[in-house]
Structures are given as C-alpha cells and as structure tokens.
Amino acid sequence: MDIELTAEQEAARGQFRDFVERRLMPYADEYDRQEEMPAGLIGEVAELGYLGGLVPEQYGGVGMDSITWGLLCEEIGRGSASLLSLFTVQGMVIQSILKWGNEDQRQDWLPRLATGEIIGGFALTEPNVGSNASSVETRATLIDGHWRLHGQKRWISFGQVSNLFVVFAQSEGKSVALLVERDCQGFSTKPITGMLGFRSAMLADIFLDGCKVPQAHLLGRAGFGFSHVGGAALDQGRYSIAWGCLGLAQGALDASLAYSGQRRQFGKPLKEHQLIQELLADMITQIQAARMLCYRAASLKQRGEPSLIMETSIAKYFASRMAAKVSADAVQIHGANGCSDQYPVQRYLRDAKIMEIIEGSNQMQQIIIAKHGYQEHAVKQQRLAQSKDDGGEA
Amino acid sequence: MNFEEIAVKSHEFVSQYLNGAEVGREVDLFATGMVNSLFAMQLVLFVEREFGFAVDNEDLDYDNFRSINAIADFAGRKLGLGATA
Chain Y
710 MDIELTAEQE AARGQFRDFV ERRLMPYADE YDRQEEMPAG LIGEVAELGY
760 LGGLVPEQYG GVGMDSITWG LLCEEIGRGS ASLLSLFTVQ GMVIQSILKW
810 GNEDQRQDWL PRLATGEIIG GFALTEPNVG SNASSVETRA TLIDGHWRLH
860 GQKRWISFGQ VSNLFVVFAQ SEGKSVALLV ERDCQGFSTK PITGMLGFRS
910 AMLADIFLDG CKVPQAHLLG RAGFGFSHVG GAALDQGRYS IAWGCLGLAQ
960 GALDASLAYS GQRRQFGKPL KEHQLIQELL ADMITQIQAA RMLCYRAASL
1010 KQRGEPSLIM ETSIAKYFAS RMAAKVSADA VQIHGANGCS DQYPVQRYLR
1060 DAKIMEIIEG SNQMQQIIIA KHGYQEHAVK QQRLAQSKDD GGEA
Chain F
56 MNFEEIAVKS HEFVSQYLNG AEVGREVDLF ATGMVNSLFA MQLVLFVERE
106 FGFAVDNEDL DYDNFRSINA IADFAGRKLG LGATA
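Line by line, the protein sequences give chains Y and F.
Residues 710 to 1103 (this note's numbering) are what the first sequence spells out, left to right.
Residues 56 to 140 (this note's numbering) are what the second sequence spells out, left to right.
Note that these hints are calculated values from the structure, not bench results.
Hints may be right or wrong, so weigh each one.
[Said to hold, decoys possible] On the chain F side, residues computed to face chain Y include the following (Cβ under 7 Å): (1) Q71; (2) G75; (3) S92; (4) L93; (5) A95; (6) M96; (7) Q97; (8) L100; (9) F101; (10) R104; (11) F108; (12) N112; (13) L115; (14) N119.
Glycine included, every Cβ here is placed at the ideal spot set by N, Cα and C.
Could you build all of it, start to finish, from the sequences and the hints given here?
Right under this line is the structure:
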C-alpha cells in the first residue's frame, strides 16, 4: 500500500494545519465552554472550500480525493471534535445526494452544500431508536404530492443551525430518506446542552409535526432509505470520524509531549521519567497504527473497492478506541492540570468518548467485524477444501 | 463479458457472505436474511467496480438485486448485453 502523499495533498495538508493552528486551536476550549460554534468560523471553513470539499467540481465544489478529505478531517479533529462533526454530517449529506439523489436533486442542492450556503444535518437517531436504526418510528405519509412527516429526532449534530436535513422515516413499512428544509411547515428544533463531549456541536432535538415535504424530496426510492442512502452516508461518516479520531489523538499527544517537557517533578522534567515515556511510547505507536488503517481505508475508497465498507468500519473502531485511550493517558500525564478546563486534554478525553458511540457504536462495529471474520474464515476453509479436492483428482 | 461470466462473478461475491453455504442462482437473497445495509452497499460497490457502471437512483429496485441471476440480468441490461438466459 502506497501512503506517499502527492505534492498537492502535502500542500493541502499544510494549508489545513495552518488554518487549524491559527483559527481553531486557540479558541476551541472557549467554544467548548460556550457550547457554541461561531457562525463566523463556519462561514470561514465554507468560504475556504473545506466544508463542501466532497462536492465534485461539476457541481461547484473542489472535489477532494479521499486522502485529502481524510487529511482535512484529521486536522480539524486535532483542533475540535465538535467542528469535525460539522464536516462529518456535511459529508454525509453530500454523499447521500451525490450517490442516491437524482440529477435534479444534485443540481439543486450540491452547489449550495459546496459553498456552505446550506449546512447539512443527518437525522436518523430518535429518542427510542439508536443502534437499531432500521426501526425508526418517524412516519412519512404521501398525501397529494407531499410527504407528511410525524416524529422526533435526537442528538442531531448542528441541528440548531443546519438548514437541510436527510430525515429517515418509515412509509407503509418501507424505509425512506427525505430531504427536509428547515423552513418547512411543521418543523422545529430544540437545542441540547450539557453533553459530556461535542459540546460546541450545537446538538438539537428535531420535531416533525406534520412536516410537509415535496414528493420530489425523496432520496433514492422507497424501501432503500436506510439500507442504501443511510448505508452510503454512514460509511462516509465513519470514514470522517476515523480520521478525526486520528487528529484528536495527535492533539492529545502533542499536548502531552509539550507538557511533559515543561513540567518538572522530583527535580527533572516529566519526560525523563520512564513511566511517562511508557505512556508516550504507547500513544505514539497506537496513533501510527490507526493512521495505517485510515490510509488503507482511503486507498480502498479511492478505488471504490467493496471491502472499503468493512475496512472503514475497522478503522473507525480502532481509531476511536485508540483516541479514548490516548486522551485518557494524556490526562494522566497532565495529572490534576489535565482535569482542568485550562488544558485541552480533558476536552479531548470527553470528545473521544463520543467518538466511540457515534456513526455506529463500537459494539455494533465489533459485531460486524466479527461476523466478517467468520465469513472470511468460511471462504478460506472452502478454498482449502476445494484445493484438496482438486489435488486428489489430479 | 456475457451473462454467464457476470453470474459466476456475482455468485462468487455473494457466497462470501453466506459462511460457506451454497446459494443457488435463483435463491431470494432477501429471504436468506443476509441483506443488511452493510451488504447492500458492498453489493453496489461490487457491481460498480466489477462491471464498470454506476448504480443510479433509478436502479434501486429489489428485482435488480433479488438473486444472483437478477443481479446478472441487471448488470447485463446496464452493459447493453440484451436478452439473457
């Protein structure tokens, strides 16, 4: 696997890093305390072409390749997991429309998602439905050329400000995915505060009270909402999260390397204590391992290989676990200081926990990864038996 | 590529997900319980990569993915192979 970056990818990464260093790192803790992401910053990442980076050039975007998008998510994740979640859902909405929208829908929505005129929201989870996402209780009924939506969605990232949502519902036993605009009749939101992590991700409850949506806003076809539209979007989401976890962990490591060089105990810097070195060595190694999985997923994604779905799941699972461990160790290295909101590592730890839950909890990832293991094992056994049979016949 | 070659490749791909169980070409894949969002997306990617066309919005029809022969028929139509077995 070739993980050499092209000159363009290197240059893009340099720009992303510069932006994150200047415009995000110094302020992310304050945004976290305020539980808000400034509209000006969202406008800035939109104007730079970052937010809509996945929109192809033909629809007005910059058409980032998989690795460039991954590098962007890594850098944004290093600065703020909350802002990363904006990129994650924007990418999921773009992917939903790009893959399963019709041409009219692509022409209508993608240019505005590219510029950030539209902020996307992904409305799948409900008060009673989390991991069992194919069983959503929101109902969609087609009446006189319009869908009528009744239900509630919960934990919707940037639901406070998004103006176009992909909403999943059941319609006569069939799963549907609908594009719902914020200003549609019967639509309202309520901010969610007091979360453990992702505090500036502007989460919201969404209420669909007879929400009236044009029939033409159906994505894909009835019956394929969760399996295909949701499947494509969640795969994109897991991809962004995996890279974001890499950045989060890198941020926690960078903070720990800096702190352990400055902080002195027992007459010498922390970095000269071998038990601190042990923690740092494991952090570095785990981050590198996650980076390899992310690059592997990127390579498969770029080539459109079917195995990218499973490899992305593996990357998300490993990277989020790694981020949780690395950020916990970063707090440990910082001691009581690390538990204070005067240092960013406590935010990394709180955000890392959320990473283990979103876009398919890690338990759901474990189930599908283990199932995949059995499938691969069975195929190997079959091939082995076949080769023995062929040898016997010869 | 002809219908038979498409069907053989599709059979090989689908079989990976059945823990070694043999699946006939006319078996209703939805009835096997193997079709979830993960498999659905892998199948779309397989068809696109293996046979070289994009599965579009209007292709989302259970009859295009119901069985191995249905997948081969669908791919054959998209590739302009005409009538199949």
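Hints versus structure:
With 7 Å as the threshold, the beta carbon of Q71(F) comes within range of chain Y, its nearest partner Cβ sitting at about 5 Å, so the hint holds. For G75(F), the interface hint holds, since its Cβ comes within 7 Å of a Cβ in chain Y; the closest pair sits about 4 Å apart. Satisfaction of the interface hint for S92(F) is found here, the shortest Cβ-Cβ separation to chain Y being roughly 4 Å, below the 7 Å cut-off. At about 6 Å, the closest approach between the beta carbon of L93(F) and any beta carbon in chain Y falls short of 7 Å, and the interface hint on this residue holds.
Satisfaction of the interface hint for A95(F) is found here, the shortest Cβ-Cβ separation to chain Y being roughly 4 Å, below the 7 Å cut-off. This hint holds: M96(F) has a C-beta 4 Å from the nearest C-beta of chain Y, less than the 7 Å allowed. Checking Q97(F) against chain Y by beta carbon gives a least distance of about 4 Å; that is within 7 Å, so the hint holds. Interface hint status for L100(F): upheld, as the beta-carbon distance to the closest one in chain Y is roughly 4 Å, under 7 Å.
Contact between F101(F) and chain Y, as hinted, is supported at the beta carbon level, the nearest pair being about 4 Å apart and thus within 7 Å. Proximity of R104(F) to chain Y holds as hinted, the smallest CB-CB distance being about 5 Å (cut-off 7 Å). Taking 7 Å as the C-beta cut-off, the interface hint given for F108(F) is violated, the closest approach to chain Y being about 12 Å. Given hint, N112(F) at the interface with chain Y, holds; its Cβ is 5 Å from that chain's nearest Cβ, closer than 7 Å.
For L115(F), the suggested interface contact is upheld, since its CB lies about 4 Å from the closest CB of chain Y, less than 7 Å. Residue-level restraint check for N119(F) is violated (minimum Cβ-Cβ distance to chain Y is 11 Å; threshold 7 Å).
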